[in-house]
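Required output: the full structure, derived from the provided sequences and hints.
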Amino acid sequence: MPGLDAISRGLMFDSLKQYAKRRIPYDLLRELDRKNEFPADILKEMYDTDILGIHLLLIPSEYGGLGGNTFDITRVCEALAHIDLGIATSVFATFLGSDPIRVGGTEEQKRHWMGRIAKEALLVAYGATEPDAGSDLVALTTRATHVVKNGKIVGYRITGNKQWISNGGVADVITILAAAPGGPSWFLVEKTAEGFSANHHEDKYGIRLSNTAGLALDDVYVPADHLIGGVEGQGLLQAQAVFGYTRLMVAAFGLGAGWEALETAIRYSQQRIQAGGPLSKKQGYMLKLIVPNAVKLEAARAYIEETAHRLDGDEHGLQTEGAIAKLSATEAGNKTAEDAIQALGGYGYTKDFPVEKIKRDVKITCIYEGTSEIMEMTIQRGRWQEHLKSRGQYYEGQAAEMDRLQAECPSVGAGSAALALRALNQVLEQVRLQRLTRHQHVSMRLGELIAQAETAAAFARAAAQPHYSESVRFDAEAWQAMSRVYAREAALDLCLKGTKLILGAGPLPEGFVQALGLDAALAAQAGSLEDQDLIARKLTEVFKSR
Amino acid sequence: MIEITSKCTGCSRCVPVCPFGAIHVADKKAVVGEACTLCGACVQVCALEAIEISRPEASADLSAWKGLWVFVETAPVLKPGKGGHLEITDAKTLKPVTHELLSAGRKLADELGQELCAVLVGDQVEGFVDELASYGADKVYLVQDEALKDYNTDLYAMVVIGLIAKHKPNIVLYPATYVGRDLAPRIAAEIHAGLTADCTGLSIKDGLLLQTRPAFGGNIMADILCPNMRPQMATVRPNVLRKDEPQPLKKAALVRETPKIDKNVARVKTLEKRITAVHGEKKIDQANVIVSGGRGVKTKDKFKVLEELADLLGGAVGASRAAVDMGLKPKTQQVGQSGTTVMPRLYLACGISGAIQHIVGMRASDVIVAINKDPNAPIFSVAKYAIVGDLHDILPRLAAGLKEKKK
Amino acid sequence: MRTVVCVKQVPDTTEVKVDPQTGTLIRAGVPSILNPYDHFAVEWALKLKARHGGEVTVLTMGPPQAKAVLQLALALGCDRAMLLSDRAFAGSDTWATSYALARAVKKIGKFDLILCGQQAIDGDTAQVGPGVAQSLHIPQITFCDSIEVEGRKAKVQRHIDDGYEIVEAKLPVLCTMSLPHAHPLPWPSFPKVAQARSKVLEVWTAADIGAEPEKIGLKGSPTQVHKVYPPPLRAKGTVFTGSASEMASKLLDILRQENFIKP
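Protein chains in written order, with the numbering used here: chain A, 38 to 583; chain B, 18 to 424; chain C, 110 to 372.
Quick caveat, the hints were computed from the structure, so don't treat them as lab data. Some hints could be false.
As the list claims (entries may be wrong) - In the DSBU-like style, the derived pairs of lysine-lysine whose C-alpha atoms are separated by at most 30 Å in a straight line are:
(1) C:Lys336 to A:Lys54
(2) B:Lys348 to B:Lys99
(3) B:Lys112 to B:Lys222
(4) C:Lys336 to B:Lys222
As the list claims (entries may be wrong) - Computed, partial: chain A to chain B, Cβ under 10 Å:
(5) Gln308
(6) Ile310
(7) Pro315
(8) Pro544
No residue lacks a Cβ here, since even glycine has one placed at the ideal position from N, Cα and C.
Rendered as structure tokens:
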């Protein structure tokens, strides 16, 4: 999908930033957060096509939208997360809620419903989760039964409960997943439907500006044309089909929120004078609380954008990639926010500074659209198959690509990434030989290691490009140093954590450590401190104190 | 060279506007006589673009351009009127920046071994000639006409272009005021001269005028030269250059210039002027003492002690951009690159961290005293006296101390 | 009414810092923006278009990246855009820039009003507007707050010392706009940005506008930048610390010592 051009994207985000600066200052966010209040008027303005019309980016141009592609959408998600994750979640919920229509709707349904969302700026909610069915949608208990007239199905009656539905209490239209006689199916339910009601706005730890509510459907009637796709039993497929990019969007949330916290910390570090100098000049502070987080966030950015471009290049699914992006970015965002509180010390622990709110908000990104643990399982499951199918060639191939990159562009840490990928290959092979996937813990930790190694490779690829994505705020010197730091760490982590996993479950065969490349991974650590010092300096140049 | 092209229809529109009466129409075509100075007034009014002026490359003979000129800006004297607002009177005074330009110009002219000339344009302004001489002018070019009573872009540009074309000055300085910044670029564009805006320093380097000015919001300084074109022109920021003590006995040669002034050359007409400055509110640009507050003052209410101090010291209250942005003080009181540049004898900076854009606007003050909680605040780098502490505790005590003394 | 707005892409100078060691500007991470005064001029051009109809053309000179500010102006409602971009323009000072913009305005065709920002925040010269006016032989009104057009006349409020004046001029006229304090500038909605992509944006070279080579770029610029350096700081003064009352009496001592109060 072509999507927008860089200039238009930049202008849209400028408008968004200016709107937020004027209309949603931190004091207001803080107040809404305290009151646990959904800012309906702000959302209305953001959907107002004369003010922002942000929802149009999510709607294909043939239905009156702007036809943003995956890259555009991840970028706007990052921009929204810089402002407030609760507001971002509300926008996201409209997107997610309309997804079943976009993916599975008939042409008629798409035209009607997408057109209405575009024109009437409808808030939409995605009604999948139930009290006893989270990521495991098969356990669905909401039921849809036929209403038959003259031997024809003219409608459905839906009964059941939904839980933790973003926009649940405020949406105009909700897409509801229910078990129909022909299998799980999506239905369009308008909030005015008789028998439909929303519960109170949940009192949450974070994203308190996002309306989250349970839904009760008591014999709600919908006409037959409200069955998405017109055929029963397609619901789970339709839900699965979009995980690749919906998870990419949540990944971008983690990235944006993480950077917002880190920027605050970097600017603060240049103003706060301790023992005769600013914190930003203190290596111990910067290399512990700031630099590692910047590196992880930028690595996640490289992975997110690579995946977005692949989806826009008409690759389909990419569920494993979506999961890797989400795991890397949201865990990095969460850790960054945590460290940002520490970086601001006592101030960080107060509500006078935004970092404690970001910390509470960003935690949700490790939970919704599939928890980090579900991501680990998804990643491991996906790549395990590739490893088996290719007879160990899957990661060897990627490592060879990194070798070639190292030869072409020796400054991006591709050599270290190759070490990480080869170590991963050795670990996977040993797990196979010893049948260690019978331990769920081993499988899930493998998921994490796979994400780390693949992210290192993606970062090296991106850092070697002659021109960087418009989203990268750093020059090549800084970004390549970040890529080197990330890849070095990945190489060593893969060796040590991989060995630890195998040792914990069974014997370590002779020669394993040598085959793993531990010596090379250790040797690759040379120069790490210098790189981190460089990154620390570059960070304070880009994010100057105000 | 001036040329009347075949587009000319002999409409005569250019005839009355020529300040030197150098144009007449013959055989349905304008004819230019020897009195022409290439001032360009006729080009401005020709609807058919039939008049073309080409000036000889100045580089041909730079040495022919001699003397340092200062454009003299006069200002109406204000008096208190209704509702506390000030009103414009018919009386005029020289703007203080004129003294600054002449004082600085004197030294530059001496270094070059050239004359310092004042260009005095207006109506009934001859009385200022001695004052101009007392600040260093060797010569005063005087152009007086009823039509020149108030500044008008078209009329003043025409007059000054004519003078420059005739007398070929080496350097022309203008004040960087509303008037100077309106006039100078217009003249520069017409005569293809170099013009450097808003200078904060002037010196001579290898016989050329070295013009120093801040750029990028005051973050950097730039030195500008104009090697190949004449005159070298600059607008100079008020309150930056030192003015010398006047020497009342010094006299200047008076050169009366009498170009013909046609009011119709003025295409922009003033309908009314309104003075918004309030009587009694001390203006910061001419104050001897400024007590200035920044973000650290925090509230409007807490600015009161600064006002009290300013009163006690006979000064005005200033504010940083942060304080103005917070709505603690009106924009008129803002000191800095984006506000007013000040040069008081005493600048007392309270709770101002000292962003570069603030510092460039006050660092020329004689004595800078800064009070700030943060011992590393950049404001201390320009302060003669750095007081580390909380202004909210210190200032009330200082005010009490001053009141005690007054008794 | 036909209006031309001259704009410039500038680095956001509020984000610029100087490296204290080397004295060079740190440009890393400094975003490029539409000069705020020009942004205000665009707002006025569109306000007048809404009242009197007509067409607004936005014009800039700069590198290809300067397209971004033209796209912003188009998204805000300008009708077409022209970018003067040519290596031959490199090194232009305010004189050469004024000349090139004036040539471009001539090529654009008939106009009633030219609006500029009073100055650009990177150079702060305020010279290009009057320069363009003089090159086009039209009157100028600088440092304007607001404009009213009645028939073929413009009535404009502009700044003077201690206040403002109302002036009047026949069209065509060039006005440079000052930016009121804390004025919220307009920003386009997402669909307006997208729609702007189909508007006319032409790129013109020096040859396209018939510029004489000796009047543009370095050659046409009378002024030359000799040197750039960080602003000098004063030598460090004396630092005092202590209790509030100690500091207050220290201040009294200083005022006495410097002859601001009688001993």
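Going down the list of hints, with the structure as the test:
Restraint check for Lys336 of chain C and Lys54 of chain A: not satisfied, since their Cα atoms lie roughly 37 Å apart, outside the 30 Å limit. For a cut-off of 30 Å, the pair hint linking Lys348 of chain B to Lys99 of chain B stands: about 23 Å separates their Cα positions. The suggested pairing of Lys112 of chain B with Lys222 of chain B holds, with an alpha-carbon distance near 29 Å, which does not exceed 30 Å. Taking the CA atoms of Lys336 of chain C and Lys222 of chain B, the gap is about 12 Å. The hint holds against a cut of 30 Å.
For Gln308 of chain A, the interface hint holds, the least distance from its beta-carbon to any beta-carbon of chain B being 8 Å, beneath 10 Å. At its closest, the beta carbon of Ile310 of chain A sits 5 Å from a beta carbon of chain B; the interface hint therefore holds under the 10 Å criterion. Taking 10 Å as the C-beta contact cut-off toward chain B, the hint placing Pro315 of chain A at the interface holds, the least distance being around 8 Å. Annotation: Pro544 of chain A was flagged as interfacial toward chain B, and the flag is violated, the nearest CB pair being 59 Å apart, outside 10 Å.
Checked against the numbered hints listed earlier, the structure breaks hints 1 and 8; every other hint is satisfied.
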